[in-house]
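Enquirer: For reference, the chains in residue letters:
There are 2 protein chains.
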Amino acid sequence: MPPAKAGNPRLKSSAKNVPALEYIFHPRSIALVGAATDPVHWWINEYYIDPLVKFGYTGKVYPVNPKGGEAKGMKIYRSLAEIDGPIDHVISAIPARSCPDLVRECRDRGVKLVQFFSAGFAETGDPQGIAIQNEIVEIAKGSGMRLLGPNCMGLYCPNTKISFCFNYPQESGPIGLISQSGSNSTYVVRSAVVRGLRFSKIVSHGNACDINECDLLEYFTDDPDTKVIAAYIEGIKDGPRFRRALARAAATKPVVIYKGGFSEAGGRAAATHTGSLAGSYAAFESLLRQLGAIPVQSVGEMVDMLVAILHMKPPRGRNLCAVGNGGGGSVLATDEFERAGFRLPGIPPEVREHIRKLVPPAGSMTRNPIDAAPLMGIEQARLLAKTGLKDWEKGLWNARFQRGDGGMGDFVGALDDWPGLDFLVLHYCIDSVPGGIYSWQLTTGGGPLIVAAKESRLPVATVIHFIANEDSWLKSLKIQKLCIDCGFPLFLSMKGAARAIRRLMEFDRDHPGMVEKIQASLK
Amino acid sequence: MPPAKAGNPRLKSSAKNVPALEYIFHPRSIALVGAATDPVHWWINEYYIDPLVKFGYTGKVYPVNPKGGEAKGMKIYRSLAEIDGPIDHVISAIPARSCPDLVRECRDRGVKLVQFFSAGFAETGDPQGIAIQNEIVEIAKGSGMRLLGPNCMGLYCPNTKISFCFNYPQESGPIGLISQSGSNSTYVVRSAVVRGLRFSKIVSHGNACDINECDLLEYFTDDPDTKVIAAYIEGIKDGPRFRRALARAAATKPVVIYKGGFSEAGGRAAATHTGSLAGSYAAFESLLRQLGAIPVQSVGEMVDMLVAILHMKPPRGRNLCAVGNGGGGSVLATDEFERAGFRLPGIPPEVREHIRKLVPPAGSMTRNPIDAAPLMGIEQARLLAKTGLKDWEKGLWNARFQRGDGGMGDFVGALDDWPGLDFLVLHYCIDSVPGGIYSWQLTTGGGPLIVAAKESRLPVATVIHFIANEDSWLKSLKIQKLCIDCGFPLFLSMKGAARAIRRLMEFDRDHPGMVEKIQASLK
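In order, the protein sequences belong to chains L and X. Take 1 as the starting number for the first sequence in my numbering and just add one per residue. Take 1 as the starting number for the second sequence in my numbering and just add one per residue.
Chain L with its partners taken away, still in its complex shape (with noise of 0.2 Å):
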């Protein structure tokens, strides 16, 4: 089926380069058909209304039911007849049974993008699902509209203000991300937010009928804005055109591809989930490392990789220095950089000497990891001697912790002098301190260190770690937030950090000066 010309004056489709999908993320319109007219079935309106309200959307929205009336004060047309003007794209919320007679009247009005939220296809393994979806694929065929899913939740892009949730960040970021599943893309999102990581655009693209892994992948990789590709795929359509369109992509910007389905059941869940074919695990991670792909097995890995890629400047080997508080944490800490093929060589006598002048009782601050819950004591209460409680965060960033203070700014200038050392990792465990839980103390305790290393000649990580439970998670998004803005890639798991940095390093070498190219020009 080939591309619908875009004929959309909001896009400058004369432009070259224009990608061919391009056009599907600048609707003029957009319909929502089986919106809800009662509150029993509200969240269908807060999926595909609410955040074009919210993100601002300015073309029209029409939602569509038979029941007429209104939903938050915009009038519900009884059809898609009822409407005057273009509709460009439409999201279909009723039953499968009901799709083809919807589908050929959107073919015949000429609309470009149909995106199916409804469910009940080729999923379902039933010769009824199967027969539907071949029946809508057939009806739309040669008219240059296009469908997306069934069985899928659509698109998400800020820069067009659409999207298919309404918390999803209104800003827009690197990352541009394919999900074969509804369901994770919001696992991604929600769990990438955190850490600090936007998204140029989102395709759900459920069973993909028409618009599948292949052509997404192609336009990601023509998409200026998307500096990394992220993808959940459970199954290929077209694997030789897969192969080409994903060597392509590996080519040009870095692609993180987490397969679901590797197993016997878990194909046979992914076949239920989106009708795809799951093929061996083994041999599809093989390819994907063939064609320079970054294979990983959960969403969790995901986000380590793509925070690993855009925020951690790649080591020149494998010596590093971890430095946090906590005795159970630094233990913790080196096993997994160990067991990830990492060193942690002993501190250099000279370094050790310089460090040892900054903290009296410095006992435990001799060997590499170092425990430097002292030195943060210390750094703590001249903070807030200096800044006073009330003002600490504003302390945090004026003190700056620089060289020659006798504090923080030269325990890392000491660091740096260390011959050999190739990257710092920058840990504090939350739930590790018996007493309260305090924001400020959490921050006031960890920051100094983590504002300091800003200085350093090192790439630097930080671990957020030790956190178990609703109250430590809330308490901590200070400091989460402080090595954030300080551009550090921020892990909340010393085994998520330690995986996500050996494979930086292995892309790093494959793809001489990509991840490079990527930060410098987010700068």
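One should not assume that every hint holds.
You can't tell identical chains apart in this list, so a pair holds if it fits in one copy or across any two.
Simulated pairs of lysine to any residue, SDA-like, Cα-Cα distance not exceeding 20 Å [what the hints assert, rightly or not]:
no. : residue 1 : residue 2
1   : 237       : 97
2   : 60        : 367
3   : 481       : 471
4   : 523       : 318
5   : 72        : 436
6   : 60        : 159
7   : 481       : 469
8   : 313       : 510
9   : 390       : 38
Rather than coming from a laboratory, the hints here were simulated on the basis of the structure. The structure presented is a predicted model; accordingly, all values stated were derived computationally and were not measured.
Place chain X on chain L using the hints.
Expert: Frame of chain L; chain X shown alone:
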């Protein structure tokens, strides 16, 4: 060093089978030497005074500091000499160099246990620190007074109202925890509490200059309040004794051991942290397995294992059915369970027919894993229609979802009729919902299935997962609590659930009846 005679009227020392160390949990009085007299050092009182007040410890509490004065309405004694009456337990929070004098004074005063929060001993690796540690051991030798630490948090025993953290649970439970690291002990407790677990006693023993992991293993083996032993250990002081102690412990109760410091640098970290000789991890793990203990590699794994042992009925075989909301989560679920060696067999036709009668658009429910989102939606609507939004919580329990109501009760009944099925995994994804997250919605969505599963003949595991931020943590607390209230094991990741259940089955095979007996004793 032989244990001191108890000589403590609070403890029926004449009773048979009282473990040797029992008396340390029954002090008549506790002195904190190095109590804070000013707001800068408030935290030391928060660690060691506040919990005694909050828990309602009925013995005497003596803050001690040469400066005197008052702390939170308590008199601060200038010295131990100023205190009348017996002092059973002294907590040292003074610098290492002052500790030998303190130990001498305690010995002469007839103190039974000195615990050292103080650090700066053998864990520093410095000759001076090692010398001071040797000196305090030498001073106490032969006196019958025991030393705990140095460089440790000390004792938690809710039954006798002592704790080193005011927000640890005040109610007792079946787990005895040995933790060489103070920070790990807090991380274990906070991670375990949200999963419904409670502790009989915790001992954080740091450098273990006197009371060591062998003493504690022997104690917890004989402690009737402790049904399961968990231990975080960095090093072993006496290999042959450890082997004997562990063999006896593991023959008596499940013993879950997390060994920190497995790697070269991890071992160095452990040495720095608690002055331990870490040894080879592989050798240690093989010893643990040989002796019947359960090795784990992180706090998270430890807590998953404890949850499984205490709340999961050991499945008879490897065939499971996974039921949840959302396709991405279902695919992940089955990938993780098959990776852990389980099987998700296809649904037999008669079971499928039964299920399909319950849900008209049963498309997504005809295979294993089952994406039960449609049925969950119907049950949610039915519950809300019956009880209203205001009373849904009461309704959730009152409705009971029994057989014959055409809903979740019959759905669970249909699964019960599945021959050869060994257990159920019920999972609920939180951050897969693209709209807002509402606590009532999560609970009424997943709740009916969970409550109905109480009637199942099959072992049940519950997994509340896809929790990406503090908001979804907070809002999922109610559905998490529902799983705990129903008596099901609560896991927060599918991978964690799969691994823990596999190891539970291995443990149950090797120790027939032990898990069942413990679970029966807790009802």
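Enquirer: Now, for every hint given, state plainly whether the structure supports it.
Expert: So, going through the hints one by one against the coordinates:
no.: 1; hint: 237 with 97; result: neither (24 Å within a copy, 72 Å between copies)
no.: 2; hint: 60 with 367; result: neither (64 Å within a copy, 41 Å between copies)
no.: 3; hint: 481 with 471; result: both (16 Å within a copy, 16 Å between copies)
no.: 4; hint: 523 with 318; result: neither (26 Å within a copy, 52 Å between copies)
no.: 5; hint: 72 with 436; result: between (44 Å within a copy, 17 Å between copies)
no.: 6; hint: 60 with 159; result: within (16 Å within a copy, 66 Å between copies)
no.: 7; hint: 481 with 469; result: both (18 Å within a copy, 13 Å between copies)
no.: 8; hint: 313 with 510; result: within (15 Å within a copy, 49 Å between copies)
no.: 9; hint: 390 with 38; result: between (49 Å within a copy, 19 Å between copies)
Consistency note: the structure conflicts with the earlier hints numbered 1, 2 and 4.
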